[in-house]
Each structure stands twice: as structure tokens, then as C-alpha cells.
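Asks: Okay, here's what each chain looks like letter by letter:
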Amino acid sequence: MCATCGCDSNASSSIQHIGEHNHPHDHAHEHDHSHSHGKTIVAVEKDILHENNLLAQRNRGYFDAKNILALNLVSSPGSGKTSLLERTLTDMKGEFPFYVIEGDQQTTRDADRIHATGTKVAQINTGKGCHLDAHMILHALQGMKPVENAVLFIENVGNLVCPAMFDLGEKERVVIISVTEGDDKPIKYPDMFHTSTLCIINKVDLLPYVPFSLDKVKEYARQVNPALEFIELSCTSGEGLSGWYQWLKAKVPVTETV
Amino acid sequence: MHELSIVMSILDIAEKESAKNNAVQIDEIELEIGELSGIDMPAFDFAWQQAVKSTKLEGAARIVTHIPGEGLCMDCEAVFPMHQLYKPCPVCSHHFITILKGKELRVKSLVIN
Ligand SMILES: Nc1nc2c(ncn2[C@@H]2O[C@H](COP(=O)(O)OP(=O)(O)O)[C@@H](O)[C@H]2O)c(=O)[nH]1
Ligand SMILES: [Mg+2]
Ligand SMILES: [Zn+2]
Ligand SMILES: [Zn+2]
Ligand SMILES: [Zn+2]
Ligand SMILES: [Zn+2]
Ligand SMILES: [Zn+2]
Numbered sequence: 033m034c035a036t037c038g039c040d041s042n043a044s045s046s047i048q049h050i051g052e053h054n055h056p057h058d059h060a061h062e063h064d065h066s067h068s069h070g071k072t073i074v075a076v077e078k079d080i081l082h083e084n085n086l087l088a089q090r091n092r093g094y095f096d097a098k099n100i101l102a103l104n105l106v107s108s109p110g111s112g113k114t115s116l117l118e119r120t121l122t123d124m125k126g127e128f129p130f131y132v133i134e135g136d137q138q139t140t141r142d143a144d145r146i147h148a149t150g151t152k153v154a155q156i157n158t159g160k161g162c163h164l165d166a167h168m169i170l171h172a173l174q175g176m177k178p179v180e181n182a183v184l185f186i187e188n189v190g191n192l193v194c195p196a197m198f199d200l201g202e203k204e205r206v207v208i209i210s211v212t213e214g215d216d217k218p219i220k221y222p223d224m225f226h227t228s229t230l231c232i233i234n235k236v237d238l239l240p241y242v243p244f245s246l247d248k249v250k251e252y253a254r255q256v257n258p259a260l261e262f263i264e265l266s267c268t269s270g271e272g273l274s275g276w277y278q279w280l281k282a283k284v285p286v287t288e289t290v
Numbered sequence: 027m028h029e030l031s032i033v034m035s036i037l038d039i040a041e042k043e044s045a046k047n048n049a050v051q052i053d054e055i056e057l058e059i060g061e062l063s064g065i066d067m068p069a070f071d072f073a074w075q076q077a078v079k080s081t082k083l084e085g086a087a088r089i090v091t092h093i094p095g096e097g098l099c100m101d102c103e104a105v106f107p108m109h110q111l112y113k114p115c116p117v118c119s120h121h122f123i124t125i126l127k128g129k130e131l132r133v134k135s136l137v138i139n
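Those sequence lines, one after another, are chains A and B. Residues 33 to 290 in the working numbering are what the first sequence lists, from first letter to last. Residues 27 to 139 in the working numbering are what the second sequence lists, from first letter to last.
Next up, chain A with everything else stripped away, as it sits in the complex:
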């Protein structure tokens, strides 16, 4: 049972809207079930991710209606998701209304870093949970109330396995890999690369010091997902960031200022 709204869910996460108080919210879930009273065998025929997928579709409808570009950022812990957001939110300040949802098992450290850039941010703590799900996003949105034509970044829990399975309703999934992680990550963790549309290769400033081949990582990633796009950059040196900003701008459905 969901603690925030009492809906039917096993969510055990908590959501904090950094820099403000919590807002009340409610919603109901609709389901159609076939009844087969009095029988011993019940034909269920239900997708186990059905509930998550329904809520993800609902989030997607919300984003579409408000013309919001929602991006789901996934990576191992430490690949540079929060660093990339800090840079982006600072460098592109004022170009779009930005919002961030931070997912971590514990603490509001990442949300505090985002808050420091002056961006509206909600922190979801998943506790033992190793990924965000659509239900958590739905609740974070209720308190956040993003304006139309906004860009919403969702930083998923650092984990290259579990978040791959859970659609949040995002428009694009962006997988980040840093050059210190080894260039065979895409075939070791194929699901994440299979379900993403953009792969950011971060920390290229460290390329001279680590055995990592840009060609190899792309070759491996394309084996899993031939349509995957790549952007190489460094959040530290700033190299390559302009390519990422161009990609972002091209994805925003309508250009408009606050």
C-alpha cells in the first residue's frame, strides 16, 4: 500500500520536494478485470509489469499534454549523471524551464546539488529499491507541478540492471557510461543499452590514463542496439558538452522561453 496516497501499491519509497513543503495529492487507478466466480482455476493472463506500464502510460500522457520533454538518465553509480545535470542546468539556465527528479536509495545529497543550481527538484529515496518506477514518478510530479514546455530530467538510481525494466513514461532513455568503467559494459549489461536511445560517454578527459577504446565501446553497444546514438563529453573539462546541448534542443518539441 502506498503511504502517500493509499493507492494499491507496494511502494516503500519516500518523496521530498527540496526547498518546499509537501503537497497533498490523490489519484485512483482504473482496472478492468474479468471475473470467474466459483471456479478453481483462474485464468489470469496478466503481464507482471502491467501496473507499472499503465502508470507509465499515464505519465506519458501527462507529459504529452503539457508538451514536456522527460528524459530518464541511467548509469552505474558514479558515471556522472548528477555532474552532467549540474553542468547542463547551469549552462542552459533560462533557455527552458527545467525540473529534476532525483532517485537514490538514501540521502538528499544529489537533490541538494541540483537545488544549488536554482532548479526545482524532488528527491525520491527508494530505500532498498534499486530502481525508480512509474508510480514514484507520478507522485513526484503531483508535488512538482511542472509548467508546459518544460524539460524534466529523471536521474535514476545508479544501477545498470534493474532500471532497464521499468518504463517511467519518459520520452527518451539516456544511458551514461564513463571511460573508467571498461568498454565491454554494453554487452555485460545489454538490457540498458538495448532500451536507450542515446549513450553518453563521459569523463573523456581521463582517456589518456585508462585503457578504454571509444571504437570498441560503440561497436559493442551497436551489437545490442544498432540505432543507438553517441555523444562523447567531459563534465569536468566541458569538452563535448555543446553536442549534448544541441541534442537536447533538438528534442524539445516547441521552443519557448519562461
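Any given hint could be a false lead.
[Said to hold, decoys possible] Distance windows between CB atoms, simulated: (1) A:T268 x B:T81: 46 to 54 angstroms; (2) B:T81 x A:P258: 38 to 46 angstroms; (3) B:Q51 x A:L246: 51 to 59 angstroms; (4) B:D101 x A:K248: 19 to 27 angstroms; (5) A:S245 x B:S119: 20 to 28 angstroms; (6) A:L246 x B:H109: 36 to 44 angstroms; (7) B:T81 x A:D247: 29 to 37 angstroms.
[As the list claims (entries may be wrong)] Reference excerpt, derived from the structure (chain A facing chain B, CB under 10 angstroms, subset only): (8) K78; (9) T139; (10) T140; (11) P258.
Keep in mind the hints are simulated off the structure, nothing from the lab. From the three backbone atoms N, C-alpha and C, an ideal C-beta is built for every residue, glycine too.
Let chain A serve as the given structure and place chain B with the ligands on it in line with the hints.
Replies: Below, chain B with the ligands alone, put in the same frame as chain A:
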């Protein structure tokens, strides 16, 4: 360990379906798990043992049908067994592959009491 979330979702479906049928106990549950669904069976088994305690699924027989992966090559239209996402088409060696089977993750049926 997303397997725990998956088991919790199965519990949720099983509880709802059995409640609709006024069942107090579930004797059997039938699942379909695809080879490419991203489920690690040892982790799944472990999560299952922990999660079903004191639920209607405690003691229920669990029947899992594993569905082998099957791919369709978008270049040469070959249909072939697919055990990994990164393996190329065995006929033309290209990687533009659509997954036909193996992503399944379903509760098929319950036997209730
Ligand atoms: N050298 C280098 N370090 C980076 C770069 N981007 C991030 N880092 C460092 O990597 C560590 C993890 O970054 P963080 O953004 O917290 O990763 P997250 O866990 O994916 O959010 C931090 O110490 C960052 O300073 C980069 O481009 N180059
Ligand atoms: Mg982070
Ligand atoms: Zn809820
Ligand atoms: Zn809910
Ligand atoms: Zn997991
Ligand atoms: Zn197989
Ligand atoms: Zn082929």
C-alpha cells in the same frame, strides 16, 4: 534485485485475483518467464522465498514456463533462437533484430481454494 519488485507485483496480482474469487488460499500459480526478460532465476527464487511468507502464496506450487528467445532479423528476415541481445543474426551477421519471443513476464493462471 529488481526480482523482488517483480515478485511483489506477482503477489499483488495474485492477491487481487484471489480476492475477487473469494479464495483464502492459492494452491498453484503458473508463470511465464521469457529467456530475455531480464530475470535472474536464482535471484528470483531467493526473492520469492522471502516475499511469499504469510501471504496466500505461501505453500503454493509455482509452475514456471520458460519461454526461449526468438529473434527476427530485419535485414534478411531469418527467424532464429536468440539467447543473448548482443549476438548477431546467424544467417547474415547483422544486428538489426526484433525480439519475437523471450520478453514474456506473465501470470498465466491460479488454482485457488
Ligand atoms: N574526471 C572526471 N570526473 C568526473 C566527470 N564527471 C563526473 N566526474 C566525477 O565522478 C564522480 C561521480 O559523479 P556523479 O555526478 O556524482 O555521478 P552519478 O553517481 O552518476 O550521479 C564525482 O566525483 C565527479 O566529480 C568527468 O567528466 N571527468
Ligand atoms: Mg547522482
Ligand atoms: Zn501512490
Ligand atoms: Zn498510485
Ligand atoms: Zn534490482
Ligand atoms: Zn536459450
Ligand atoms: Zn540476417
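Asks: Does each hint hold? Answer for all of them.
Replies: Going down the list of hints, with the structure as the test:
1. A:T268 x B:T81: 46 to 54 angstroms: holds, 49 angstroms
2. B:T81 x A:P258: 38 to 46 angstroms: Since T81 (chain B) and P258 (chain A) have Cβ atoms about 43 angstroms apart, the given range 38 to 46 angstroms holds.
3. B:Q51 x A:L246: 51 to 59 angstroms: With a Cβ separation near 57 angstroms, Q51 (chain B) and L246 (chain A) satisfy 51 to 59 angstroms, so the hint holds.
4. B:D101 x A:K248: 19 to 27 angstroms: holds, 23 angstroms
5. A:S245 x B:S119: 20 to 28 angstroms: holds, 21 angstroms
6. A:L246 x B:H109: 36 to 44 angstroms: violated, 28 angstroms
7. B:T81 x A:D247: 29 to 37 angstroms: Once the Cβ atoms are compared, 51 angstroms apart, the range 29 to 37 angstroms for D247 (chain A) and T81 (chain B) is violated.
8. K78: Status holds, d = 5 angstroms.
9. T139: Violated - the Cβ of T139 (chain A) stays beyond 10 angstroms from chain B, reaching only about 20 angstroms at its closest.
10. T140: Violated. Min distance 23 angstroms.
11. P258: holds, 5 angstroms
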